[in-house]
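Using the hints provided, position chain A relative to the given structure of chain P.
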Amino acid sequence: MNRGLILDPTSHRSDDISDPGPDLESLAGKVIGFRVDELWRSWDWVSEIWGQMLERDGATVKFWRARGRTGEVGAHVIEELDAFTDTLDAAVVGLANCGSCTSWTIHDALWAAKKSIPTVAVATDHFEELAGNLSRRGGRSGLRLHILPYPLDIRQKAEVHDIARDHYRSFLRTLGVRDRLAVQPAA
Amino acid sequence: MEQGWGDGLPLIPPTEGRVRMHLKMSGRFPDEVVATLLPLRTECTVEKIAINAVMAGAPAESMPLLIAAVEAMAEPKFELQSLNATTGSVVPALIVNGPIRHQLKIPFATGCLGGVAGPAPAIGRALRLLIRNVAGQVIDVTSQSTYGTPGRVSGIVFGEWEEKSPWAPLGERLGVKGNAVTAYGAMGTANICDMIGNTADHFLQMIGKSLAYPGANGFLPSSQWSETLVAINPVWAEVIGKAFPNIEDVQQKIFDYAAIPIDFLDPVYREPIDRCGRLRADGRVHLIQKPEEVFVMVAGGMGGLHCAMLHSWGTCLTTTKPVRMPA
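Heads up: the sequence lines are chains P and A, in that order.
Residue 6 is where the first sequence starts when you use my numbering, and the numbers rise one by one after that.
Residue 86 is where the second sequence starts when you use my numbering, and the numbers rise one by one after that.
Just so you know, these hints were derived from the structure itself, not from any lab.
Where a beta carbon is used, it is the ideal one built from N, C-alpha and C, also for glycine.
Just so you know, nobody snuck in bad clues.
Dumping the calculated DSSO-like pairs for lysine-lysine here, alpha-carbon to alpha-carbon at most 30 Å:
hint	chain 1	residue 1	chain 2	residue 2
1	A	Lys162	P	Lys67
2	P	Lys120	A	Lys162
3	A	Lys162	P	Lys119
4	A	Lys327	A	Lys262
5	A	Lys262	A	Lys375
6	A	Lys109	A	Lys190
7	A	Lys190	A	Lys249
8	A	Lys294	A	Lys327
9	A	Lys375	A	Lys294
Label pairs and their computed distance ranges (CB to CB):
hint	chain 1	residue 1	chain 2	residue 2	range
10	A	Val118	P	Arg183	40 to 46 Å
11	A	Asp359	P	Val78	17 to 23 Å
12	P	Arg183	A	Asp351	43 to 49 Å
13	P	Arg178	A	Asp359	38 to 44 Å
14	P	Lys120	A	Asp225	29 to 35 Å
15	A	Pro330	P	Glu134	52 to 58 Å
Derived list of chain A stretches under chain P, where covered just means 3 residues or more per stretch with a C-beta under 8 Å from a C-beta of chain P:
hint	stretch
16	159-170
17	216-224
Okay, chain A solo, but in the shape it has when bound:
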């Protein structure tokens, strides 16, 4: 802790014996460079991942997932350098697909975004320690995040309830079948509640309109992208899936509803939005720039009634990597 290696919570000492077990479960050589992490531009080796995983309490079996997550975050299009420096409260959220969800007990049902007793917070914490200790993100040194977010301590790690989804798994739709991890630059999590609606259109309308709050980064004229992640509970997903079996139709509906009339904004905000071509012919501004930027997945408890929305920061592009299990 005195070395500045930690997050303030107790750490498990990364002894050689403990690290060796993690390395064994990775199936990789310790000195293999997985990625270069920004802003420090340092090489992240398998051994560094193992050491930080031990410190965080992440199980040795999670090493393949951790390695894939590092690969995803290090993709240039994920823009880790500015993500780590920003005044925004962005944190890479990790969505896990494939059988590995079951093997690693990654939560995807009730309480999946927090509160389930299992390894997900420790896996998330391992990645946060890597970002601190290897990438070099330290508050007031290389990070100016005005508020930060609880997700910067134990990460946001959850799975998709594929078995309840009427659509193909998110990872597959993003190019990776089976075991996959998707890194998404999330501005935290927020809740949408609907206890009145009972049709697909009701739910999609409530989701879309709830997403479109004026202070969302997606509305910033300077935001290059407006990717948006929506985790729909399995009860709503069944209703929506019957009405819209093609996921593209769901994306289009949410895109259409996630808009505000330009008159809702003070004139000082209108000119820059208009200048960058975001004002539509119908006088509305869409939060999301194109329907493909809506990422829909199924997760959450059978209690339904709620939906989770994770707005994006607006600069990173979501990346998906396969999780390669050791032979």
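This is chain P alone, in the form it adopts within the complex:
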């Protein structure tokens, strides 16, 4: 049988940061920023509950809403993202709940993480694998992910608020909060 050499059609990148980055440690006095979007009301509902609970526990909370990603608007949105993440002690970025919005969530989370602030990307269960794959391909496999149930967007507001409360402490642990707030039973 004749054997011949064939050439590799693929390209790979080998750089990777597997470290999740710094922990937030504690909440008191910290500025925590939520990146929300124009797609998911359910993520607005989760982030408003988490925001209230974080403020109750001593943090200051800020919100920034991502918009279009292309053209002049897209360039402006990146400038806003950059300025927003400059003001934060920690970033919470969501919601990875579809294909394209997962790519943008991971993009924006990687943007925050490269500034060495504790960063969590929030995904729903069905899109966890995609989020992980995109963060690995983005060069940071260690990006922190917090996973919410799927489907989330077809649930009613009260139910989503309950899910947010149920997830709060595990979300704090994902963020690297190590004090009693992250481990004590929910109030």
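Chain A in isolation, oriented as in the chain P frame:
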């Protein structure tokens, strides 16, 4: 195939000899980086394009077109990263203008969107393999496309029948005269049939109203853009061109007709549409946000009667690049 390099169809082994011929026809250095492709953020070299072109069966002569197509898809405004990840069924459609249509036998007349025996499917497939092997789009790994589309196997590659068009070629209107390739984020192709109308207004009305189905991505409040591509058959184009020699008037007509009354939608959809300013004073919602987002071209057979509409995904902005032939 075991390496995960393929699409399931048989592949031509990319031997050094075969790849060398493709590289020669490119007129470029093998290690020249054409673009960085997302989501993998890998460098796409001329050699990688040649290897995938060989595997797909694309002719060596198509290398300049393939290189230009990669450049177009890699433009930041084309948003390849999210296009490759989305649950949507979007695929970059490539529209070819200029004399290269004839040299490469790119179809623009009867059966131009599929079925013509020629190199277009292999050229499209080469780009799809590049997106898989270099950009890294793999279903259930980096792509969550709920349905996908047949165009994700062999691409959508067709030309404009410039010789039958009453208007300037699409590529020229988008900034590139002569040999050009336009990358457009298409949600597949769909048909509009009219066997009754016989005036320009009839045809434009049927096109516009057919475009405006409520589930089109362009109606999503979150869609940044609503670009829409319409390939008008040469029979209708002649009628429309006589009534509207300026393409801007054709775009305006289609824009005007491609709208639905807000009352047609359930109230749950009305509030977000209103919030983003898409509801017009006349109580209608337009599929397309501005007339310039209507891309009109002439293609299809002389049998007429049908028109092809290619809705866009709503995030990518169409890009056109010159196809540079080797000296």
